[in-house]
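Asks: Chain order of the listed sequences is U and D. For what it's worth, this note's numbering labels the leading residue of the first sequence as 1, then goes sequentially. For what it's worth, this note's numbering labels the leading residue of the second sequence as 1001, then goes sequentially.
These are calculated hints, taken from the structure and not from any lab test. A couple of the hints might just be wrong.
Unchecked claim - Derived coverage of chain D by chain U (criterion: at least 3 residues anywhere in the stretch with Cβ under 8 angstroms from a Cβ of chain U; other residues may be distant):
{"#": "1", "stretch": "1023–1032"}
{"#": "2", "stretch": "1077–1087"}
{"#": "3", "stretch": "1091–1105"}
{"#": "4", "stretch": "1108–1116"}
{"#": "5", "stretch": "1125–1134"}
{"#": "6", "stretch": "1141–1148"}
Claimed, not checked - A short, non-exhaustive set of chain D residues, derived as facing chain U with CB atoms under 10 angstroms:
{"#": "7", "residue": "Cys1119"}
{"#": "8", "residue": "Leu1253"}
{"#": "9", "residue": "Trp1256"}
{"#": "10", "residue": "Ala1258"}
Note that CB positions come from ideal geometry on N, CA and C, so glycine has one too.
Number of protein chains: 2
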Amino acid sequence: MKHLQGLQDQVNLAMETLELPNQPSLLYDPISYTLSNGGKRMRPLLVLMGCKVFSEDISQAVHPAIGIEVFHNFTLLHDDIMDNAPIRRGKPAVHSKWNSNIAILSGDAMMILAYQELCKTDPSVLPQILEVFNKTALEVCEGQQLDMDFETAEDVSIADYLNMIRLKTAVVLGGGLQVGAIIAKTDSEQADLLYQFGLNTGIAFQLQDDILDVYGESHKVGKQKGGDIIASKKTFLLLKAMELAKGEEAESLKKWLASNSESEKVKAVTEIYNRLGIRTLAEEQMWDYYNKGISSLNQLQGDKEWIGILRAFSENLMHRES
Amino acid sequence: MKHLQGLQDQVNLAMETLELPNQPSLLYDPISYTLSNGGKRMRPLLVLMGCKVFSEDISQAVHPAIGIEVFHNFTLLHDDIMDNAPIRRGKPAVHSKWNSNIAILSGDAMMILAYQELCKTDPSVLPQILEVFNKTALEVCEGQQLDMDFETAEDVSIADYLNMIRLKTAVVLGGGLQVGAIIAKTDSEQADLLYQFGLNTGIAFQLQDDILDVYGESHKVGKQKGGDIIASKKTFLLLKAMELAKGEEAESLKKWLASNSESEKVKAVTEIYNRLGIRTLAEEQMWDYYNKGISSLNQLQGDKEWIGILRAFSENLMHRES
Chain U
1 MKHLQGLQDQ VNLAMETLEL PNQPSLLYDP ISYTLSNGGK RMRPLLVLMG
51 CKVFSEDISQ AVHPAIGIEV FHNFTLLHDD IMDNAPIRRG KPAVHSKWNS
101 NIAILSGDAM MILAYQELCK TDPSVLPQIL EVFNKTALEV CEGQQLDMDF
151 ETAEDVSIAD YLNMIRLKTA VVLGGGLQVG AIIAKTDSEQ ADLLYQFGLN
201 TGIAFQLQDD ILDVYGESHK VGKQKGGDII ASKKTFLLLK AMELAKGEEA
251 ESLKKWLASN SESEKVKAVT EIYNRLGIRT LAEEQMWDYY NKGISSLNQL
301 QGDKEWIGIL RAFSENLMHR ES
Chain D
1001 MKHLQGLQDQ VNLAMETLEL PNQPSLLYDP ISYTLSNGGK RMRPLLVLMG
1051 CKVFSEDISQ AVHPAIGIEV FHNFTLLHDD IMDNAPIRRG KPAVHSKWNS
1101 NIAILSGDAM MILAYQELCK TDPSVLPQIL EVFNKTALEV CEGQQLDMDF
1151 ETAEDVSIAD YLNMIRLKTA VVLGGGLQVG AIIAKTDSEQ ADLLYQFGLN
1201 TGIAFQLQDD ILDVYGESHK VGKQKGGDII ASKKTFLLLK AMELAKGEEA
1251 ESLKKWLASN SESEKVKAVT EIYNRLGIRT LAEEQMWDYY NKGISSLNQL
1301 QGDKEWIGIL RAFSENLMHR ES
């Protein structure tokens, strides 16, 4: 019986044994701090699963998997500076614990460390995996820029929003799976199917995050319920509500978005969402993407058990309550 | 007759034809702005020269050369945020013209673009050049961290300072030459000699910068004369003066370092340097490194004309007045 735990253990072991230089300590301490702070480590797992679908041997995929996790943590570190977010995974963000300069530079070093890990693989696949990774990494920056642009933009469409979450969140999931498939030396069509699976389910996961922010069980969300509403963040839900609300409802929504009274704002905007049926619309959009992802998965000609594990893994994510 | 101009033209052409995406414009405009702002473009030239020493064909070195220039510009962009430096090459730095968040993210994207260019080369040498580049890039971050650490440290030694400028400035010059040599498929011993040439002359160039800050012709320096003194920057000159000054001289130096009256401070500290013979000591140290670099160059078994051009290039840099 093949299962995930073994891969998860390999990821954790590799993360824990990742060797960082000691000096200068103000460069490397924030990196150790960040990387030892856990997280779901979903991305390296996807790299290894992507490899397992096409090859028993994942030895060449472990370092690249870690590289993608280090890259992901680098983006969080820099995003937290830009978003002025003081807390990450329940602890002070690097820029709060140290300062912004330390966070900028240790983030830069983390990106280089990510490339160092990526390069520790079979040289024959290196150009291909770097091509995927470079493209993906640049897209993540584009997604973050769009996310920042949207804070002040007046005319963000649903399509703009979906494109932003595709870039900011989903491409790394697709890219990670594709890197795994490339290391397993499958053909480009199969690797692309795996990419499409990761990309589309990734968009679905982000839509679900948006839904859970409003409708999740707050003690499980692990962050303030309705945080997106409080910040007037232009999520799928808010953009859809802005599109559908007419007359008095539109005026009311506009008024509440300008409000500073947090709990009343969450309550009032949620009620508007409820009246407009936003949750259902968001869930429909989410399941559309999810099913699109699964249809790519169904076309894979790889190891059936691992394909099944990937399917179960993504189903699990879709049934989380936080 | 072989000469530099052709290589310089190739570098400039490649920089001008470097294709960047257009959108999101707040991500890519600051990158175009930075890369079109010139600079000496010495680093890509070193990559091409390093290649020319061992091979007529430099076609596989052009993109990696551009990659190293893009990386260098990325480091300047992020350094300017950290150093709170408003001007770069006579124009507003990116964080002044836009803001810090834009500067952080466009810098991140530039680093990825640098890797993209580096990867456009003969795949058979890619693992080796990435190994050199990753190591070098990480060292540059270490150098920047040490430079920041030294601002507030009380006990910086001359050895600490030389190590800092080695990391922050010199390794990229050595690494660039080494990358060129690797692309030309020379053996590792020869590539290492070229690295040592770049590393040691690079330290000499930085020591010369320190000297020119105080003793250069101000209209040619292109920045405020005595800027290092005004900032009480712990350069070789200041550290040497702090080491040698005794009794009243030491008290006087200490007093002036705390002073805010810029022109008087520059005049007084320069007089202390003069009394202690600091300029000569710095020049001796500089020539020691320079000669060490040239002795590596002299051991190269490559194209004699290109070795001569490299020697002339570094001599030229040593005789600049600004």
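Asks: Next, verify each hint and record whether it holds.
Replies: Verification of the supplied hints:
no. : hint      : in the structure
1   : 1023–1032 : holds (count 4)
2   : 1077–1087 : holds (count 3)
3   : 1091–1105 : holds (count 4)
4   : 1108–1116 : holds (count 7)
5   : 1125–1134 : holds (count 5)
6   : 1141–1148 : holds (count 6)
7   : Cys1119   : 5 angstroms, holds
8   : Leu1253   : 27 angstroms, violated
9   : Trp1256   : 27 angstroms, violated
10  : Ala1258   : 24 angstroms, violated
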